[in-house]
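The residues making up each chain are set out below.
Number of protein chains: 2
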Amino acid sequence: MTRLSELGESHIISRVLGRNPSSTHVIVGPGDDAAVTAPEGRLVSTADMLVENEDFTREWLDWQKLGVKAAAQNLADVCAMGAVPHGLLVSLAIPDDTDIADLEALYSGLFDEAERTGAALECTVPIIGGDLSSSKLIVIAITALGTVPEGSAILRSGAQPGDSLYLAGTVGRAAAGLDLLFAGLRRETAGPELRPLIETQLAPRPDYGALRVIGASAMIDVSDGLSLDLARVATASGVGIELDRALLADLIDPLLPAAEFVLDARSANGTAATAEDLALSWVLDGGEDHGFAASAPSRQSPGVGWRRIGRVRTGHDVSLDGTPVPASGFSHFGK
Amino acid sequence: MTRLSELGESHIISRVLGRNPSSTHVIVGPGDDAAVTAPEGRLVSTADMLVENEDFTREWLDWQKLGVKAAAQNLADVCAMGAVPHGLLVSLAIPDDTDIADLEALYSGLFDEAERTGAALECTVPIIGGDLSSSKLIVIAITALGTVPEGSAILRSGAQPGDSLYLAGTVGRAAAGLDLLFAGLRRETAGPELRPLIETQLAPRPDYGALRVIGASAMIDVSDGLSLDLARVATASGVGIELDRALLADLIDPLLPAAEFVLDARSANGTAATAEDLALSWVLDGGEDHGFAASAPSRQSPGVGWRRIGRVRTGHDVSLDGTPVPASGFSHFGK
Chain A
15 MTRLSELGES HIISRVLGRN PSSTHVIVGP GDDAAVTAPE GRLVSTADML VENEDFTREW
75 LDWQKLGVKA AAQNLADVCA MGAVPHGLLV SLAIPDDTDI ADLEALYSGL FDEAERTGAA
135 LECTVPIIGG DLSSSKLIVI AITALGTVPE GSAILRSGAQ PGDSLYLAGT VGRAAAGLDL
195 LFAGLRRETA GPELRPLIET QLAPRPDYGA LRVIGASAMI DVSDGLSLDL ARVATASGVG
255 IELDRALLAD LIDPLLPAAE FVLDARSANG TAATAEDLAL SWVLDGGEDH GFAASAPSRQ
315 SPGVGWRRIG RVRTGHDVSL DGTPVPASGF SHFGK
Chain B
15 MTRLSELGES HIISRVLGRN PSSTHVIVGP GDDAAVTAPE GRLVSTADML VENEDFTREW
75 LDWQKLGVKA AAQNLADVCA MGAVPHGLLV SLAIPDDTDI ADLEALYSGL FDEAERTGAA
135 LECTVPIIGG DLSSSKLIVI AITALGTVPE GSAILRSGAQ PGDSLYLAGT VGRAAAGLDL
195 LFAGLRRETA GPELRPLIET QLAPRPDYGA LRVIGASAMI DVSDGLSLDL ARVATASGVG
255 IELDRALLAD LIDPLLPAAE FVLDARSANG TAATAEDLAL SWVLDGGEDH GFAASAPSRQ
315 SPGVGWRRIG RVRTGHDVSL DGTPVPASGF SHFGK
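Chains as they are written, first to last, in our numbering: chain A, 15 to 349; chain B, 15 to 349.
Hints in this document: simulated from the structure, not taken from any laboratory. Hints may be right or wrong, so weigh each one.
Stated by the list, open to error - Calculated from the model, a selection of chain A residues having no Cβ within reach of chain B, i.e. all distances over 10 Å:
id	residue
1	W74
2	A134
3	S147
Claimed, not checked - Partial chain A-side listing against chain B, Cβ under 10 Å, derived:
id	residue
4	I41
5	V58
6	E68
7	H100
8	D145
Stated by the list, open to error - Derived CB-CB ranges, DEER-like:
id	chain 1	residue 1	chain 2	residue 2	range
9	A	P311	B	S19	35 to 45 Å
10	A	S19	B	A287	25 to 35 Å
11	A	T16	B	E274	41 to 51 Å
For every residue, glycine included, the Cβ atom is placed at its ideal position computed from N, Cα and C.
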């Protein structure tokens with residue numbers, strides 16, 4: 015084991031950036047005051063942060079997966095604009111007694127996810143800059159940059175009544191995984207049925223490839239839960255959204271064993287709910303899988319990777335089989 | 015007092031972004047998955063983070079100044095490339111019992127510094143996106159974006175033997191301010207001679223306006239100290255750098271009263287140093303004022319705001335009046 019405190023900052027940076035891909039868009043990469051790149055078209059930019067003890071805990075920590083998660087939550091936001099990623103800026107604060115091997119695993123996770131995005135969307139996503147500092151807590155703040163042709167960004171505001179509503183990837187699995195972790199299950203001890211849910215919580219894998227084929231009128235990265243994120247689309251577009259319970263079955267049913275496990279673990283506390291109800295609440299309110307929800311004209315086939323889950327209608331709310339769904343996904347601070 | 019926990023995330027965001035300027039470059043601002051902007055020329059991007067208890071403490075905290083500091087350290091990096099700022103992405107983790115008025119003061123500091131940059135460089139610097147989450151510790155991660163005409167970025171690697179070496183703004187004042195704070199002095203209790211040094215530590219004010227006039231061959235934001243940052247220029251450019259003690263006098267002499275104060279406070283611990291030595295070490299090794307160091311051909315007048323502090327020569331090290339200066343500015347982790 016070699017602690018970061020035994021190494022110099024520049025040595026650490028050259029170790030962790032060993033896998034950084036070259037990109038024709040990068041004119042000046044890491045090492046100057048700032049990066050210089052050549053974006054084509056419009057610039058798409060987003061920033062998100064993971065803070066130890068808020069967004070993950072040392073107890074569940076898998077460094078490579080943490081890197082995947084940090085990259086995925088930002089890349090998903092860029093891609094949900096219909097953009098192609100261009101580069102990442104990575105600011106990291108980390109204890110100086112961290113093993114360099116753990117830090118390398120974290121950056122491996124970043125590169126793994128960047129490569130996966132690049133393979134799906136035929137682009138290269140280098141780390142173009144950032145910041146490394148010592149801190150008692152681990153904090154990872156990432157900015158993802160991307161480009162989109164002028165006039166082609168897919169916003170939350172374009173949904174039209176009559177559009178179909180589609181989902182690429184999943185919802186609810188990461189939330190189920192989180193409840194399994196809270197119930198005491200761990201990736202190492204979980205069986206083959208439940209372990210993938212914990213994996214999704216620790217390292218979501220958005221379906222970037224599906225984004226190549228949809229002609230979406232509106233799109234959103236579902237990070238806070240369908241109910242809340244679709245309410246954002248409804249508000250931005252001035253429409254209502256109707257979810258179809260039957261079309262969500264393929265998302266709900268695979269979560270039933272996890273719901274039963276969690277309810278068994280909770281039963282000592284006397285929590286009353288059915289496995290069906292819990293699985294449905296994960297699907298409606300659980301983000302962090304980073305599925306993509308999109309509306310598209312119904313006459314049009316959305317392409318591989320997309321499942322229909324409902325439709326866009328007039329109105330201003332989100333409902334499930336006609337019953338309003340409260341926007342109760344994840345929200346920081348009060349409501 | 016209204017705590018953040020009593021307000022919703024979207025309400026908080028609309029409160030703190032009330033002063034956000036409009037910009038013709040911004041196509042989609044805060045509120046979608048990502049921002050869409052129209053950069054002209056090359057994109058310049060940089061990211062930096064401030065973590066409570068590492069980069070600042072609650073005890074010294076002035077929310078507006080913290081905002082200034084967070085913005086300045088990123089804007090200075092963009093400007094040190096010869097670029098004009100384009101926008102900021104602000105990721106903030108903050109305790110949910112924070113008073114909304116404190117958060118507004120923090121954003122006021124961000125806007126104050128962005129406006130000051132904009133006034134100096136004739137640009138508008140809106141907040142185009144970011145992330146707000148709750149956390150026990152305050153963490154501010156900022157990405158600054160800017161643009162520079164193709165081929166015009168000023169790198170660390172362009173210094174030529176024979177160039178003069180210039181500084182805009184100051185060095186050493188923030189380091190003196192930090193030592194005054196460690197010695198128990200506070201902004202509120204300091205006299206008019208020492209208070210400005212503490213102010214510089216809490217809220218540096220880079221001289222962005224000076225950047226309009228220099229025809230620099232190389233430039234760096236001095237954030238880690240002259241000795242370390244000039245060593246970076248020397249390495250990147252393959253040159254040596256000679257500092258002139260007489261030319262540094264205007265930077266050193268104003269720090270002597272602070273050095274005497276700090277040495278008096280330390281004397282109980284038996285630390286032996288002269289005020290001259292301490293003031294010189296602040297100037298050589300103290301960053302955080304975010305002065306700009308630049309090389310430029312000697313025949314050329316550098317313009318208003320720049321002072322000559324030395325020259326570029328052949329070699330590979332940094333020296334002061336012929337004596338090598340160890341690169342002992344601020345560095346995270348070991349050496």
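Hints and how they fare:
Even its closest Cβ contact with chain B, about 18 Å, leaves W74 (chain A) beyond 10 Å, as expected for a residue assigned away from the interface. The claim that A134 (chain A) is not at the interface with chain B holds, since no C-beta of that chain comes within 10 Å of its own (minimum 17 Å). For S147 (chain A), the non-interface assignment is contradicted: its Cβ lies about 5 Å from the closest Cβ of chain B, within the 10 Å cut-off. At a threshold of 10 Å, the smallest CB-CB gap from I41 (chain A) to chain B is about 6 Å, leaving the interface hint in force.
This hint holds: V58 (chain A) has a C-beta 5 Å from the nearest C-beta of chain B, less than the 10 Å allowed. Given hint, E68 (chain A) at the interface with chain B, holds; its Cβ is 5 Å from that chain's nearest Cβ, closer than 10 Å. Because the beta carbon of H100 (chain A) sits about 8 Å from the nearest beta carbon in chain B, less than 10 Å, this interface hint is met. Taking 10 Å as the C-beta contact cut-off toward chain B, the hint placing D145 (chain A) at the interface holds, the least distance being around 5 Å.
The beta-carbon spacing between P311 (chain A) and S19 (chain B), approximately 42 Å, falls within the hinted interval of 35 to 45 Å. One distance hint, 25 to 35 Å for the beta-carbon pair S19 (chain A) and A287 (chain B), holds here, with the actual separation near 26 Å. Between T16 (chain A) and E274 (chain B) the CB atoms are about 43 Å apart, so this pair conforms to the stated range of 41 to 51 Å.
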